[in-house]
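Student: Residue numbers (this note's numbering), protein chains in the order written: chain A, 4 to 324; chain B, 5 to 252.
Take the hints with a grain of salt, since some may be wrong.
Said to hold, decoys possible - Taking lysine-lysine and the DSSO-like style, the derived pairs with C-alpha atoms no more than 27 Å apart in a straight line are: (1) A:142 / B:20; (2) A:258 / B:160; (3) B:250 / A:284; (4) B:207 / A:115; (5) B:54 / A:187; (6) A:187 / B:158; (7) B:250 / A:321; (8) B:231 / A:311; (9) A:19 / B:250; (10) A:16 / A:189; (11) A:258 / B:20; (12) A:115 / B:110; (13) B:227 / A:142; (14) A:150 / A:33; (15) A:293 / B:231; (16) A:18 / B:250; (17) B:110 / A:189; (18) B:231 / A:284; (19) A:284 / B:20; (20) B:6 / B:71; (21) A:258 / A:18; (22) A:195 / B:160.
As the list claims (entries may be wrong) - Calculated from the model, a selection of chain B residues having no Cβ within reach of chain A, i.e. all distances over 12 Å: (23) 34; (24) 52; (25) 62; (26) 69; (27) 74; (28) 78; (29) 108; (30) 190; (31) 191; (32) 205; (33) 208; (34) 211.
Honestly, the hints are just simulated from the structure, not real lab data.
Where is the CB? At the ideal position from N, CA and C, for every residue including glycine.
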Amino acid sequence: MSVLIYIENRDGKFKKLSYELVSYASQLAKQLNITAVALSIGNVDEAELKSLGNYGADKILDVQDDRLNVLVNKAYTSIIAQVAEKEGADIVIFAHNFSGKALAPRVAVRLKAGVASGVTALPGSLDPFTVQKGVFTGKAIANVVIKSPVKVLTLFQNSVEIIETENKASIEAFQPVLNDDDFKTKVLDVTKVTGKLLLTDAEIVVSGGRGMKDPGNWGPLEELAAVLGGAMACSRPVSDEGWRPHDEHVGQTGKIIAPNVYFALGISGAIQHLGGVSSSKHIIAINTDKDAPIFESADYGVVGDVQKVLPALIQAIKEAR
Amino acid sequence: MKILLCLSNVPDTTTKIRFTEDNTQFDTTGIQWIINPWDEFALTRALELKEKGTNIEKITVINVGGKATEPTIRKALAIGADDAVRVDAEPADAYFVAAQIADFAKTEDYDIILCGIDSSDYNGSLVGGMLAEFLDYPSVSSVSGLDIEGSEVKIKREIDGGQEHIHTELPFVAIVQKGISLEPRIPSMRGIMMARKKPLNVKTPVEAEALTEFVSYELPPAKSACKMIDAENLQELVGVLQNEVKIL
Ligand SMILES: Cc1cc2nc3c(=O)[nH]c(=O)nc-3n(C[C@H](O)[C@H](O)[C@H](O)COP(=O)(O)OP(=O)(O)OC[C@H]3O[C@@H](n4cnc5c(N)ncnc54)[C@H](O)[C@@H]3O)c2cc1C
Ligand SMILES: Nc1ncnc2c1ncn2[C@@H]1O[C@H](COP(=O)(O)O)[C@@H](O)[C@H]1O
Chain A
4 MSVLIYIENR DGKFKKLSYE LVSYASQLAK QLNITAVALS IGNVDEAELK SLGNYGADKI
64 LDVQDDRLNV LVNKAYTSII AQVAEKEGAD IVIFAHNFSG KALAPRVAVR LKAGVASGVT
124 ALPGSLDPFT VQKGVFTGKA IANVVIKSPV KVLTLFQNSV EIIETENKAS IEAFQPVLND
184 DDFKTKVLDV TKVTGKLLLT DAEIVVSGGR GMKDPGNWGP LEELAAVLGG AMACSRPVSD
244 EGWRPHDEHV GQTGKIIAPN VYFALGISGA IQHLGGVSSS KHIIAINTDK DAPIFESADY
304 GVVGDVQKVL PALIQAIKEA R
Chain B
5 MKILLCLSNV PDTTTKIRFT EDNTQFDTTG IQWIINPWDE FALTRALELK EKGTNIEKIT
65 VINVGGKATE PTIRKALAIG ADDAVRVDAE PADAYFVAAQ IADFAKTEDY DIILCGIDSS
125 DYNGSLVGGM LAEFLDYPSV SSVSGLDIEG SEVKIKREID GGQEHIHTEL PFVAIVQKGI
185 SLEPRIPSMR GIMMARKKPL NVKTPVEAEA LTEFVSYELP PAKSACKMID AENLQELVGV
245 LQNEVKIL
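Kindly produce the complete structure, drawing on both the sequences and the hints.
Tutor: Below is the structure:
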């Protein structure tokens with residue numbers, strides 16, 4: 004009887020979302036009076052593994068194998084299913100991101116488990132097992148009942164609090180059974196940006212829209228991001244025009260983010276744009292048009308020209324420090 | 005090579021969402037239905053590959069849904085898919101839908117199955133991965149580029165903060181996202197005429213379970229009014245960053 008959590012790593016390090024997952028799982032395990040077991044796949048050192056115990060993992064299983072330093076869906080699925088069986092998992096939890104979206108559905112079929120994806124809170128009821136998730140790209144919330152004995156959840160980022168506990172975790176190596184059939188996809192090469200704060204990890208996001216008018220006008224935005232230690236984002240037309248790189252595009256057809264604060268600068272606030280940012284804790288909008296729809300979704304608004312307001316704001320921030 | 009494209013029929017992205025019967029049902033009155041944006045991008049890519057002379061025999065579209073989804077399926081035929089299958093059942097949940105598509109895919113040897121990363125209605129991000137597992141095929145998710153050279157498939161996958169080039173054996177399931185194609189196609193007049201004659205086969209569903217149930221809905225809590233700050237008084241905004249947002 005256990006709650007199993009799959010923990011991804013990036014270059015051997017865990018992220019904030021991983022600790023959110025463990026916090027969520029350990030609270031759930033307490034409610035059900037079962038153990039919280041975390042599974043890490045890939046090369047992660049002992050100190051990093053042990054850190055999962057700080058958030059309530061009772062046991063940490065460690066799978067290391069050089070073939071597993073990149074995500075191979077079938078192989079990972081086999082491992083997670085083997086661990087789920089060994090640990091008698093009642094619930095398996097993933098992050099609602101790149102790796103969770105790849106693995107949760109496969110693992111679910113293996114375990115004949117129903118899945119609630121993009122879950123935002125602890126279950127409202129344990130019997131029937133009912134959880135909340137966003138639907139219609141942020142426009143509504145659904146209560147979903149999972150009817151199968153084994154359940155799979157993917158957890159939406161920034162929706163649960165990280166809770167520190169006393170660390171009583173043990174670490175165990177796990178040797179999965181893998182066969183060649185699990186490795187039919189091969190990663191030929193990888194390009195990674197290093198040293199750059201990733202948009203999906205950022206707590207502060209500075210985002211610009213078509214209102215910036217020209218790719219040469221992004222200086223003040225970049226400066227604000229630098230001053231605050233935030234990441235850059237943009238609306239879809241901006242990336243379509245090639246004013247900003249594609250990996251900065253947020254919205255329904257771009258990245259979905261939920262930072263602590265989102266600066267919407269020269270962005271009108273189209274519904275498809277909001278679909279990707281409406282879970283942000285605070286939205287601050289600057290727009291020349293006082294009737295721009297973004298002000299209906301923002302918490303704080305300034306009517307004005309970004310090119311004039313931002314330099315003044317940056318100056319005021321520097322003085323306040 | 006044969007491509008199977010999974011198509012989800014969803015409300016237009018600008019739809020105002022409402023519910024009926026004590027908030028237990030999605031209100032479909034007056035809704036404009038469209039091809040799920042990702043599936044439209046995937047179809048566009050499949051057509052681009054076919055046109056550039058890649059050895060693609062046919063592109064089949066499959067949807068699990070009631071008769072009401074046929075106009076959306078016809079639209080995919082008008083854009084350029086060769087034939088279509090509708091599994092005649094309400095899409096009860098992702099597990100049920102994937103089981104239906106898997107049953108069809110087993111009978112024909114498709115080399116590439118394309119799915120979107122998520123449906124814009126229930127935001128599952130599930131059908132593609134479940135389908136791959138039912139079929140025991142490899143799957144590649146977060147696919148932002150797909151190319152075919154001879155019998156070789158070249159895939160670009162987005163990872164956190166980077167990209168990978170991937171080789172896979174066929175058959176496989178590709179779960180696509182931003183980048184797969186740039187501008188979705190709109191059907192031409194000729195395409196619309198031709199679509200009427202293209203086969204749209206209706207298939208009886210197989211026995212399958214739904215493991216989840218959407219029991220009720222809520223609208224997000226109303227946002228409190230936006231606090232407007234004078235552009236001449238940015239000190240106030242700095243105060244917000246210090247005391248409310250707490251980042252200074
Ligand atoms: C299926 C579909 C999916 C889509 N997905 C996405 C998506 O993922 N992400 C996305 O962003 N969009 C998406 N869109 C597009 C979306 O509908 C909007 O067209 C887009 O978000 C508008 O971008 P924008 O706000 O930058 O530009 P605009 O709508 O042109 O707004 C520019 C704003 O800047 C203001 N402005 C002008 N000058 C200044 C100035 N000097 N200072 C301050 N403000 C100024 C204007 O008042 C205006 O409000 C999608 C559309 C469809 C149909
Ligand atoms: N009812 C359906 N019929 C056919 N394909 C579907 C259906 N629902 C979802 N899909 C496919 O699965 C993808 C992801 O959907 P979902 O898992 O529902 O978010 C979609 O982009 C489609 O490719």
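Student: May I ask which of the numbered hints given earlier this structure violates, with the numbers listed in increasing order?
Tutor: Violated hints: none at all, because every hint is consistent with the structure.
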